[in-house]
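Undergrad: Use the sequences and the hints to build the structure in full.
Now for the letters of each chain:
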Amino acid sequence: MPAVTSDAKLSHTAAIILQAIDAGHEYGFSVMETTGLPSGTVYPALRRLERDRLIRSQWESQRVADAGQRPPRKYYRITRSGEAMIEASQKRYPLLAKLFPVRGAEKP
Amino acid sequence: MTLRTLHVAILRNAALFVPAPERAEWFAEWRAELCYVDHGATSFCLGSFRDALWLRHNNPNPRPTFSLESPWRCVLLLAGLAILILLLAIPSRKLWLPAWSPSGIEQFALGLLGMYLLSLLVLLTLNPMGLGECRANRYAPAFLIRLRRWVFLTLKIALVVPTVFFAISIVISIFPPASPILLLGWIFGLRWALADQRQRCPVCLHLLSYPVEIGSPAQTVLGWYGTELICTRGHGLLYVPGTPTSWCSRQRWQYLDPTWSSLRP
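For the record, the sequence lines run as chains A and B.
So the first sequence is numbered by the working numbering: it starts at 1 and just counts up by one.
So the second sequence is numbered by the working numbering: it starts at 1001 and just counts up by one.
It is possible that part of the hints are untrue.
[Unchecked claim] Simulated restraints on C-beta separations: (1) Arg-53/A - Leu-1086/B: 51 to 57 Å; (2) Gly-36/A - Glu-1025/B: 22 to 28 Å; (3) Thr-13/A - Leu-1068/B: 52 to 58 Å; (4) Thr-13/A - Pro-1211/B: 29 to 35 Å; (5) Arg-53/A - Pro-1091/B: 57 to 63 Å.
[Stated by the list, open to error] Chain A regions said to be covered by chain B (calculated; three or more residues, Cβ under 8 Å): (6) 15-26; (7) 83-90.
[What the hints assert, rightly or not] Now the stretches of chain B that chain A is said to cover, found in silico as 3 or more residues with beta-carbon under 8 Å: (8) 1031-1040; (9) 1046-1058.
It is worth saying that the hints were derived from the structure and are not from the lab.
From the three backbone atoms N, C-alpha and C, an ideal C-beta is built for every residue, glycine too.
TA: This is the structure we're talking about:
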């Protein structure tokens, strides 16, 4: 697992997306709606964050999806490294925390 | 066709760029997300191409591709190409096959030899023919290993020359006459053979890799600048000058001593 230090590098866009996930917007379209970023930016950023183990993905169970009469979604959650990275990125981008202040607002 | 079908079709097309092992999961995620998009679904789906291309470019297990890195592969590819071109040139054999008489064959051979020497002469004026300096030190390989380098170069030229000849015979059969094309073809073929040889390790004959730019053109007067390449098997380093100067006009190969063996895979 890559070590996360306070001077770790994260682009502004990636930091916004990470912060949005931490605030409870745990699937791609929700991140898109919250951040206003296009799908062509959000999804590759999610892949990159997952590759760097800052987030992890998990498919919703078929039973839950069937109950809601919709296809199962892929949820993204912050890892420990991701949490450390959020702290580091908030030092780098101080206004970030004000964008998504409520943590766990849309947890399923 | 409904808009929904169009959107799914866009996603299916984008999925073709995703590496096969991840394709099903990738498509399932995008299709599930599409169910929640109530406006701007087309631009949402078009964004999937960027995602798919990102996955393709960052695939940790890329499909092995046929490269000329290995000398055997290079020779095999050239031989295969020569055979293929020969087969394609057979229908136009009347143009290149000499009349079956001693004087006809002699004339044909002399013509080819003359053209070949002329192309070498033109190449000599256009491009330096040397393969660079390869100063022997105590770590230099045995004579037979060094000889392989020349055998490999001869083999490449021996395969490139007939390939170009037959390829141009095909061109002549469509756009006659074209003896200058043959000359140009051989010049380019020989130039490629020499350029390829310069980029190979003189010991294992594999292509060198990891080019690193060192210095800048401003250093030309007081120091060396250029590109450094390395043999991944740890045989040595190649220094290619950015601008040829009086003290460093040609590329220079440096054999490495065994302490560098940790570089070997």
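Undergrad: Now look at each hint and say whether the structure bears it out.
TA: Right, here's what the structure says about each hint:
no.: 1; hint: Arg-53/A - Leu-1086/B: 51 to 57 Å; verdict: holds (54 Å)
no.: 2; hint: Gly-36/A - Glu-1025/B: 22 to 28 Å; verdict: holds (27 Å)
no.: 3; hint: Thr-13/A - Leu-1068/B: 52 to 58 Å; verdict: violated (39 Å)
no.: 4; hint: Thr-13/A - Pro-1211/B: 29 to 35 Å; verdict: holds (31 Å)
no.: 5; hint: Arg-53/A - Pro-1091/B: 57 to 63 Å; verdict: holds (60 Å)
no.: 6; hint: 15-26; verdict: violated (count 0)
no.: 7; hint: 83-90; verdict: violated (count 0)
no.: 8; hint: 1031-1040; verdict: holds (count 6)
no.: 9; hint: 1046-1058; verdict: holds (count 9)
The structure fails hints 3, 6 and 7 (numbered hints given earlier, in ascending order).
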